[in-house]
Structures are given as C-alpha cells and as structure tokens.
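Colleague: In the UniProt record's numbering, the protein residues as written are 1 to 274.
No false leads were mixed into what you were given.
With a straight-line Cα cutoff of 20 Å, these simulated EDC-like cross-link-like pairs (lysine to aspartate or glutamate) come out:
#1 Lys178 with Glu191
#2 Lys67 with Glu38
#3 Lys182 with Glu158
Beta-carbon label-pair distances, calculated as ranges:
#4 Pro144 with Leu265: 34 to 44 Å
#5 Thr251 with Ile113: 37 to 47 Å
#6 Thr114 with Lys182: 30 to 40 Å
#7 Arg37 with Ile113: 36 to 46 Å
#8 Glu80 with Pro131: 25 to 35 Å
#9 Arg189 with Arg126: 32 to 42 Å
#10 Arg111 with Thr261: 55 to 65 Å
It is worth saying that the hints were derived from the structure and are not from the lab.
Ideal placement from N, C-alpha and C gives every residue a C-beta, glycine not left out.
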Amino acid sequence: MNQQIVDLDIDSLQANPLQPRGIITPESLVDLVDSIREHGILEPLVVAKTPAGYQIIAGERRWRASKLAGLKTVPVLIKETTPQGMLEMAIVENVQRTDLNAIDRAKAFERLITEFGLTNSEICQRIGKSPAYISNSLRLLTLPDALKDGLLTGLITEGHARALAAIDEPRMIVEAYKIILKESGSVRRAEELARKMRVIAGQKPKTVGFRPAHEVSDEIEALRLQLEDSLGGKPGTIVRLSRSRAETRLTTIFKGNLEETDERLNKVIRSVTS
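Please take these sequences and the hints and turn them into a complete structure.
Modeller: Listed below in structure tokens is the structure:
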C-alpha cells in the first residue's frame, strides 16, 4: 500500500529535517491556531514513515498549530518516499501554497541541485514552474546580505529583489537598495535604477524574468537614460520608451508653448547629434 489516511498521535510526528521553510514562530501561527480550534484540520498532513519515525513532508505549520491548539491526534496521509522525494514534495506543497518566502524557496531549489543533482529542467517538471522562475529564484541567493534581510523582513518585495539582482556590482546593488528604501520606491523604480547602474558600470543588459527577446540595444538604452536624467525630472516633460518586435520607439513629450519647449528640444537635438 503506497498511502493511507489515519489519525496519529501528535507527539509521534517529527519535523522534516529537509523542510525548505525557515523558522516557524508561534506568533506566525496565531490565526491558524484559532482556525483549527474552530474548524479542526481541514486537510491531512503528509508524512513519510522512516526508521526514525513519522516525518512530516507537508503540513508542519498545521502540526505545530495543532499542538498549540491542544489537539492530541492529527489526520495524516502516509506516503512511501525517499529523502529526495520528501524534499521535492515539501517544496511543491509550499510553492503551490505560496507559503515559502523567496529566500527559503531559492535555498530549496539549490539543495535539489547540489544535494540531489537535479537540473533546472528537472526541477521545472517536478514543481510545474518555468526555467526562468527557477533561475530568477536562484539569482536571489547572490544578493548582498542587506537585501536578503530586507526581503525576509518585508522591506522590499521579491519583485524589487529580482530587479536589483540584474546589477553585477554588489556595491551598486546596495546603493540602489538604499535609494529604494529612502524613496519607498516601486518595483518599476527598482528596474529603472538597475538599468541606470548597468549603464554606469558598462554592463550589458540582463534578462530579468520574462523580458522580451527583442531587447533594446545598449546604445538606445543609454540614450534614453541620458534623456531621462536631463529632461525627465522637469515639469511638463515625459520620456517614454516603447518596444515591439518590429521597432523601438523613443518618445519625448514637452508640454508648453513654443517658447517654453525650445530649450528642451534643443537639448534633445544636441544629445542625439553630439
């Protein structure tokens, strides 16, 4: 028999040593404890029977919350699996529930690669995510510790972190991160800062997430940044860059009468022709 659902003594279960999730604090379980007290456990835990006892594959938060709620037994689904299978199932369950924070998820993917020899493609097949999702998650592990801490504590989102991860130079990553915190900047602002930092460092454009294959050239991107720096901050001036498979269109809009816009128009002309 490969699996069965039974009620087990709550103290007979053990946390999965391969659990990808980080520390679970009692404070983070308050709502779940209240729900279990009122409704019970609505979905069985998934466990594996090992020589050491029953180890939890999926549902460690429910198990810990059930203890706090005073339950003596919990419903479990018993599966036969391997250590690799335990880690894979724990990752799949947590990723599908979006329970894992970005850093824990990236570390779990890294373990599948380093400890079990899986490729990115194999991980994709197992968890139902794209290669870019795996690569972008792993890239977060290369970030300076300050950004990892900011991501874990909620100072920035995963979108911010992914955008800034496109910068090669750690010092510039931290510099951009500080600007985001100071300005309470959006993800779009983080992407904008990353582009600027890459141009300053002479770094070629990087793919972040599902960026289009028709990526703008370095020269056009540098020109847009120059225009943005010199004109974008002025009232009545809008700088836009639109991209398609057929063309890259740079649009600068000056609002005002002819006299008011002459100076800014001449700046654009000098920028293009110099």
